[in-house]
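S.K.: Fit chain B to the given chain A structure using the hints.
Protein chains: 2
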Amino acid sequence: MTALDNRTERRWASLDLNEILSNWARHAPSGSGSDGAVDPEVIVFGGGIPDPESLPSAGLIAAARRVLEHDGPGALEYGGTQGELILREWLAERLNRQEDAGVSAEHFVLTNGSGQAIEMAIRTFVDPGDVILVERPTYSGGLRPMRAYKAEIADVEMDADGVLPEAFEQTVTRLVAAGKRPKLFYTMPTLHNPTGITTSVPRREAIVELCDRFVILIAEDDAYGEIRVEGQRPPSYYKIAGGQGALRLSTVSKMLATGLRIGWITGPKEIVDTFVRLRYDGGLSPFLVRTVAEFCVSGDEDRHLETVLPIYKEKRDRMLSALDERCARYASWTHPEGGFFVWVTLADAVDPAKLQDAMAQEKVIARPGTQFFAGAGGARNLRLCFSTATIPEIEEGIRRLGRAIEQAV
Amino acid sequence: MTALDNRTERRWASLDLNEILSNWARHAPSGSGSDGAVDPEVIVFGGGIPDPESLPSAGLIAAARRVLEHDGPGALEYGGTQGELILREWLAERLNRQEDAGVSAEHFVLTNGSGQAIEMAIRTFVDPGDVILVERPTYSGGLRPMRAYKAEIADVEMDADGVLPEAFEQTVTRLVAAGKRPKLFYTMPTLHNPTGITTSVPRREAIVELCDRFVILIAEDDAYGEIRVEGQRPPSYYKIAGGQGALRLSTVSKMLATGLRIGWITGPKEIVDTFVRLRYDGGLSPFLVRTVAEFCVSGDEDRHLETVLPIYKEKRDRMLSALDERCARYASWTHPEGGFFVWVTLADAVDPAKLQDAMAQEKVIARPGTQFFAGAGGARNLRLCFSTATIPEIEEGIRRLGRAIEQAV
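Just so you know, the protein sequences line up as chains A and B, in that order.
Just so it is clear: in the first sequence, position 323 is 323 by the numbering used here, and no numbers are missing.
Every number in the numbering used here is 1000 more than the matching position in the second sequence, counting from 1.
Just chain A, with the same shape it has in the complex (with noise of 0.2 angstroms):
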C-alpha cells in the first residue's frame, strides 16, 4: 500500500528491543504475580480475592444507574486526579469514626488500587539506592516496584505481636553507620499479608518514636482493615503519629472487590497535594469511582461486610479446624484475627521441594513463601488464602496438603 511495503531490510526488524530500552525498564522485575490458569481439578489457595459468591453485583448496578442517571455529564468528564470529594468525604468520615483521625477529604487521594499507591509513595521518596524497611515477610506486591526503582530493601524479623522495635532499631543504626539513607517503612501493621499477625499498640509507638528520631516516613498498607472477624481495631500509625511522617494506604479490593482498582493513600495534606501534583495518567474514572461511592454511602458497603464477615470467620475457623485435623504433626500456623490468609511453617521434617511435587500430584495450590522474602527466606512456608474458595473446597484442600507433606517427609 506505500513506498515502505517493499523494502526488504529494516533496521527494527532485526533490532534487539533490549538495544533501546530505557535503563530502567531493562532492569525492573515483572510487575505481577499469578496462579496461572489452573485446572479446574485443582484446589487454589493462591491470591488474596474476595469470596466470589457475595461480591454485591445487584448493588453496584444500581449505584451505577443512580450516579448516570442523576448526573452523567458529571461523571463522565475528567475529575482531576486527587478523585471525586464525595468518596474522599467518605471514607474521611470512616475513618474519623474508627480512630478520631482529624481527617478530611483533602487527606486523601485516590488511586488505581493500592498497587499504584504504594509505586506513587516509593517514587515521590525514594531514590535509588536509598533504603525501604519491611516486616519479613512481607506482601510481595510491595517488593517488586522497591526493586523498580533500585531500592534497597532491608528486612526486619516480627513475632506474633508484629515488628520488633528492637530489630528495626538495629537495622536502622547499621544501615545509617554504613552511609545508607533509611527512607522509607512499608509495613502491614493490621491483618498482614502474608501472616494474618497484627503489630501491638505498644510496638507500633515504639516505632512511631524510631521513625521520628531517623526521619523515616511510614507507609502502612492497610488494605485487610476492614476483614476483622475478631478482637479489636488498633489505631493506625497515622492516628498514633498525630498525622505526621505516615501515611496509610488503602483500598476497595479486600473490602469489596478487586475488580474496580479503587485505592488510596491518607497523609499529611502537603504530601497528599505532592502526590496529587505528581501524577499523568489523568486520574480514577469518575464514573467508576464516583458509582463505588454511591454504594458506600448508601449503607450498601457497611451491609455488605456485615455479610461477608461472618463466612470469612467461617472459612478461617474452617481451614484452621483442617488444619489442624490433617497437618499438625509437620507443621504450625498462625492463628489470624482476619484478613485472608492463614501463615504455614513446615517442620523441619519436611522437604520443601519435594512438598512442591507432592502438592502438583494431589491438586493443590498455595503461594510458595519465598514469594514473601526481600532475601532469602520462607522456603519452609506457604502461604494459604482462606477468602476464595469454598467450605468443600477448603476441607478437601487441606485434606491433600496433609497427604502431601505426609509424602514430604
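A portion of the hints provided could be inaccurate.
Every beta carbon over 10 angstroms from chain B, so not counted as near; a handful from chain A, in silico [to be verified]:
1) Gln98
2) Leu164
3) Thr390
Capping the alpha-carbon separation at 35 angstroms, the derived lysine-lysine pairs in DSBU-like fashion look like this [said to hold, decoys possible]:
4) B:Lys1180 / B:Lys1269
5) A:Lys313 / A:Lys354
6) A:Lys150 / B:Lys1269
7) B:Lys1313 / A:Lys363
8) A:Lys180 / A:Lys269
9) B:Lys1354 / B:Lys1313
10) A:Lys150 / B:Lys1180
11) B:Lys1313 / B:Lys1363
12) A:Lys150 / A:Lys180
13) A:Lys180 / B:Lys1150
14) A:Lys313 / A:Lys363
15) B:Lys1150 / B:Lys1269
16) B:Lys1180 / B:Lys1150
17) A:Lys269 / A:Lys150
18) A:Lys150 / B:Lys1150
19) B:Lys1363 / A:Lys269
20) A:Lys180 / B:Lys1180
21) B:Lys1150 / A:Lys269
If we take Cβ atoms under 7 angstroms as the criterion, some of the chain B residues that face chain A in the derived model are [what the hints assert, rightly or not]:
22) Ser1022
23) Asp1051
24) Leu1055
25) Phe1125
26) Val1215
27) Arg1261
The hints are simulated quantities; they were obtained by calculation from the structure and are not laboratory data.
Keep in mind it's a predicted model, so treat the numbers as computed, not measured.
Don't be surprised by glycine CBs; every beta carbon is placed ideally from N, CA and C.
M.R.: Just chain B, lined up with the frame of chain A:
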C-alpha cells in the same frame, strides 16, 4: 490517646518536605492543566472535552447492567495488567477494518487514558538526557511527563501538511552530531492537538524512513482520529511502518467520554509485552473495561459516533464562520477536518498581554498558545476548543473574542 500525644516536639513537625522527596519528585512538573473553577458567565473554549449533551449515559447504564448480570464475579475480580480481552479484540477488529493493520488483541495494552500510555512509552524507552522529538506546537499533556522523566525535548517545525521531514532530518542530524540520543518521536499526525492539522501520507512515509534510519521509535498519539467530519482517514504510522518501530496511542476520551479513563497502546507484540510486564498498578478495572467493551461490541459506539460527528461538524462550522465574521481583521486560523480545536494566530498588531486582559474582561477563555511549545513560542497563538460549548455559546464567545482582539490592537 497514646504516649505520643504529649510530645511537644517531633522532627516531622518542623521538616521541610523537600528534604525527604526523591530527586524525581523534587524536579517533576505538575501533571495536569485545568481551566480552573469558572464563573458561569464565562464562555470556555478550554480543555478537549466531548459535547456534554450527547454523552450516552443510558447506553452505559445498560452496558454495566449486562456485564454485572451476565458475569458479575468475572468483572469484579483482578483482570491482569494487559486489560480485558473483549475490548482488545474489539479494538483490533476496528483497526483492521479501518486500515488492514494486521493486528490482534495481543498487539494492545489498555492504559488509564492516553496519559498513562504516554508516560509508559517515555519511562520504558527514555533515559534522562535522551531526546524526544515533538511537533512544534505539540500537546501540552505530553510535555509534562517528558519533563518529569528528564527527557530533552526537541521540536520540529510543521506546516499545513504536518511535520516537515527536512526539518526533522536536520534536527536529528544535529542532535546525533552533538552526541545526543534521539529515542522517541511523539507525534499527533491526525487532527493534531492543538492545530487540527493532519500530516499527509508522503510526509508520514518520509518520517518512517528517517526514524528507521536513526532507530527512533514513533509514538503516534491518535486521540482524535475517530473525530473526523470530512476528508479521508490516513493510514497510521504503525501501518505505514509495517508494524515495526511504531506505537499508536489512543483513548475513548474523545470518541466516548473523558470520565472513563480508558486508553490503549497498539504496537509490536514484544513492546506491548514489555509494557504489560513493567506495570505495578494492577491494571484497569475489569468492570469498567467490560462495561465500555459491551457498549462498543453492541454497536452503541458506532451509533454514538453517528450522532456526535454531525454535532462536531456543525460546531466547527459555526466557530469558523463566527471567526470569519468577527476576527478576520487581526487573526488567521486553521480549518481542521475534525478533532476539537481551531488554532488561532494573531496578527502582529495584536498585543498578547493586552489580549489576555481584554479576554478576561469579555469573559471568554481559550488556552494560551505558549502551553503547546516545548520552548519559547506561542505568544501569538490561542487554542479554541469547539466541542464542549453550545452553538449559542460558540457564537457569543467568538463575538467576545473579536471584541477583545480589537481592544488589544
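S.K.: Out of the numbered hints, which ones does the structure contradict?
M.R.: The structure conflicts with hints 7, 23, although it agrees with all the remaining ones.
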